[in-house]
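> The chain contents come next:
2 protein chains.
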Amino acid sequence: MVPQTKMSRNKSKSSIKERKGKVLTSLEELGGQVYKQIVDHEFPTFRMPSRSIANILYDDKTRQYILGKRSVKRSARNVAHIRPFTQLLWTAMFADELTSQNKTSTLRDVFYSAQAYEMDFRDQAESDNLITDLETVTSFSREDFNVYPEERSAIFGDLTVEYTVPGYEGKRLNLSSHPDGVMIGPALTTAEFVQHDKKKVDKIIAIEKGGLFTRFIEERVHQKYRAVLIHTAGQAPRATRFLLRRLNQELDVPVYIFTDGDPWGMHIAMVIISGSANAAHLRDLNTPDAIWGGVWATDIVDYKLPSDPLTDLDLKRLNELEKDPRYAGDLWKREIDTFRKVKKKSEQEAFSRYGLTYIVDKYLPAKLKLKSN
Amino acid sequence: MVPQTKMSRNKSKSSIKERKGKVLTSLEELGGQVYKQIVDHEFPTFRMPSRSIANILYDDKTRQYILGKRSVKRSARNVAHIRPFTQLLWTAMFADELTSQNKTSTLRDVFYSAQAYEMDFRDQAESDNLITDLETVTSFSREDFNVYPEERSAIFGDLTVEYTVPGYEGKRLNLSSHPDGVMIGPALTTAEFVQHDKKKVDKIIAIEKGGLFTRFIEERVHQKYRAVLIHTAGQAPRATRFLLRRLNQELDVPVYIFTDGDPWGMHIAMVIISGSANAAHLRDLNTPDAIWGGVWATDIVDYKLPSDPLTDLDLKRLNELEKDPRYAGDLWKREIDTFRKVKKKSEQEAFSRYGLTYIVDKYLPAKLKLKSN
Numbered sequence: 450m451v452p453q454t455k456m457s458r459n460k461s462k463s464s465i466k467e468r469k470g471k472v473l474t475s476l477e478e479l480g481g482q483v484y485k486q487i488v489d490h491e492f493p494t495f496r497m498p499s500r501s502i503a504n505i506l507y508d509d510k511t512r513q514y515i516l517g518k519r520s521v522k523r524s525a526r527n528v529a530h531i532r533p534f535t536q537l538l539w540t541a542m543f544a545d546e547l548t549s550q551n552k553t554s555t556l557r558d559v560f561y562s563a564q565a566y567e568m569d570f571r572d573q574a575e576s577d578n579l580i581t582d583l584e585t586v587t588s589f590s591r592e593d594f595n596v597y598p599e600e601r602s603a604i605f606g607d608l609t610v611e612y613t614v615p616g617y618e619g620k621r622l623n624l625s626s627h628p629d630g631v632m633i634g635p636a637l638t639t640a641e642f643v644q645h646d647k648k649k650v651d652k653i654i655a656i657e658k659g660g661l662f663t664r665f666i667e668e669r670v671h672q673k674y675r676a677v678l679i680h681t682a683g684q685a686p687r688a689t690r691f692l693l694r695r696l697n698q699e700l701d702v703p704v705y706i707f708t709d710g711d712p713w714g715m716h717i718a719m720v721i722i723s724g725s726a727n728a729a730h731l732r733d734l735n736t737p738d739a740i741w742g743g744v745w746a747t748d749i750v751d752y753k754l755p756s757d758p759l760t761d762l763d764l765k766r767l768n769e770l771e772k773d774p775r776y777a778g779d780l781w782k783r784e785i786d787t788f789r790k791v792k793k794k795s796e797q798e799a800f801s802r803y804g805l806t807y808i809v810d811k812y813l814p815a816k817l818k819l820k821s822n
Numbered sequence: 450m451v452p453q454t455k456m457s458r459n460k461s462k463s464s465i466k467e468r469k470g471k472v473l474t475s476l477e478e479l480g481g482q483v484y485k486q487i488v489d490h491e492f493p494t495f496r497m498p499s500r501s502i503a504n505i506l507y508d509d510k511t512r513q514y515i516l517g518k519r520s521v522k523r524s525a526r527n528v529a530h531i532r533p534f535t536q537l538l539w540t541a542m543f544a545d546e547l548t549s550q551n552k553t554s555t556l557r558d559v560f561y562s563a564q565a566y567e568m569d570f571r572d573q574a575e576s577d578n579l580i581t582d583l584e585t586v587t588s589f590s591r592e593d594f595n596v597y598p599e600e601r602s603a604i605f606g607d608l609t610v611e612y613t614v615p616g617y618e619g620k621r622l623n624l625s626s627h628p629d630g631v632m633i634g635p636a637l638t639t640a641e642f643v644q645h646d647k648k649k650v651d652k653i654i655a656i657e658k659g660g661l662f663t664r665f666i667e668e669r670v671h672q673k674y675r676a677v678l679i680h681t682a683g684q685a686p687r688a689t690r691f692l693l694r695r696l697n698q699e700l701d702v703p704v705y706i707f708t709d710g711d712p713w714g715m716h717i718a719m720v721i722i723s724g725s726a727n728a729a730h731l732r733d734l735n736t737p738d739a740i741w742g743g744v745w746a747t748d749i750v751d752y753k754l755p756s757d758p759l760t761d762l763d764l765k766r767l768n769e770l771e772k773d774p775r776y777a778g779d780l781w782k783r784e785i786d787t788f789r790k791v792k793k794k795s796e797q798e799a800f801s802r803y804g805l806t807y808i809v810d811k812y813l814p815a816k817l818k819l820k821s822n
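These protein sequence lines map, in sequence, to chains A and B.
At the far end of the first sequence sits residue 822, using the working numbering, and the numbering has no gaps.
At the far end of the second sequence sits residue 822, using the working numbering, and the numbering has no gaps.
It should be emphasised that the hints constitute simulated quantities derived from the structure, not laboratory data.
Incorrect hints may appear among the rest.
[Said to hold, decoys possible] If you want the ones that stay clear, here's a sample from chain B, every Cβ over 12 Å from chain A, calculated:
id, residue
1, Leu473
2, Thr511
3, Trp539
4, Lys552
5, Tyr612
6, Lys620
7, Gly630
8, Glu641
9, Arg669
10, Asp763
11, Asp786
12, Lys793
13, Ser821
[Stated by the list, open to error] Label pairs and their in silico Cβ distance ranges:
id, chain 1, residue 1, chain 2, residue 2, range
14, A, Lys811, B, Thr760, 47 to 53 Å
15, B, Gln486, A, Pro814, 31 to 37 Å
16, B, Val643, A, Pro758, 31 to 37 Å
17, A, Lys790, B, Ala726, 41 to 47 Å
18, B, Ile487, A, Lys765, 49 to 55 Å
Keep in mind it's a predicted model, so treat the numbers as computed, not measured.
C-beta: ideal position from N, C-alpha, C; glycine also.
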């Protein structure tokens, strides 16, 4: 409906306030379209791209899943459509309330809130699905409508942000103010980056494990390597993936990803780089040029890391990843092959075998020389 | 060995620096004792309370599990003891290194670090067990030795802390500086509370769910109800339970706990209040006077909350809790009975059925009138 997707893809410096205006406009346009159809004595109708598996395609150019040309129609003329049609309009109305009143919510909250409006959802799966419909119709993600997940990751580094959330407008915080890191929630996700000094921050490092995030802060990785550190806490939540993309584009600095050396860690990196099939209807969530720094299967060999044998589940996962078009690149093929050959996995903490600071003093500088994957 | 336990139990205002001194002293005393025995031409030996189930007793007075009088002896004279004896001394040495060098670590890290010293642990379960032995011998918890878990919870409120970690000594942060909350990691756990104003903070509210923590911040619960908010992120990590106790004792303010209305939520509150059987060898981790504010089973009835049926697993859990001596109090018996009768559970988000702010405007003030459980 709104050509937001293309715009923000081409536009490297996006203002959060501008984005919020576009989110509200997209909701108004959806409502306006339905309203106009009613005034014109037409049965209100809208179309959106189909999210059926057959319509999820991998796009080699943007290196991510996108939706194809098939679309689905929801019309108030069709009795079978009236339920999802009404549910979508309620969801859009509730999203508009949240966004314009600056209140955040969770998927679970949306499900219960519907009951306050006597809107009928059989279960949360149904209301979750309608939120995804709204994402598909508007091309904005649910976080843009202030629907956030429970999971929180964290950030730390010498970068100053300026908040846009109510009560904090114009207030600033340097992200190195709290040496345990600060949470990436609605306020940080919608903060503007101000006072960025490339002499202080010229890269972003995303880390899977909390223990290592803390180690990096203690060992002053942010100063030694001029990095903003992000703790993904396992698979990075969408708000964190959105933030990584913004940091990459708005600060114009590379993003490095460090995960455990196993198929699951590899995939944490991949989802940051190429997004997920579940989010094929969305843009702005992935960082195509982010670099997976390790732990690679070849690192397990090269650094003689303590390791555990790959389990049957790990090997099954490798088979799946091998068939996944996101893994077509040379690095990924080589690492999948190496995992298969050595049949071993190693965690990030395995470097402690050489002392607690080895990973910071030796491994990290070697990996930060990578220019791409 | 060191009469730390009793001291800090009686002492409401404990200084973090003082505590760190005691931790190092306890390690020196352990080493000194072994050294003296060797100099005296004795086989070095030490004793610690047994952690076998038969020796874990519930103490009605302190309302927590403690260890009984049985003890185990580890002697270098006994060939079967040499392995765990040596492992304990290495663990103490490594803990001393971490603590005196202000480096933090994880249980996983300890396991891998041992390999740097050619210290043999079969697997992580063995090294974890030795860390627990060291806790038992010294009465200090592993967080006191800078061994932290991966999990992080968060804190927010108008309270200023002063850090004691390297690079941040003397630096201060007001905990309302970041409206998503700041992480509770090693730096916050060891920070001193300064500039506490009872007109600004006269209670602590611990919340299970992240969505509700964010809602509370947005709705200015910290100002309206003069509260410091803590997000436990499910079962509160030990560092967070230690922090809750410190806030309760050092600021002399009550702690309220809000969880989901199910057996698991009830137990999250209970572990904050009465600790866990696994930590029977430790003190300073529970807050006996903390108040479970809800969601109670009786709230599900009184507030006509949307609910889900209790599963077989939930009912099995209720049977376990009923036999648990920590649940002997009237409130707990009544709530277990009510869960059984109504056979329903409700999440914190269920209050959204009455609008997003109902929980803050109506439910919370009613519950904050509670003086005890």
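> Hints broken by the structure, by number, lowest first?
Going through the list in order, the structure violates hints 4, 5, 6, 7, 9, 15 and 16 and respects the others.
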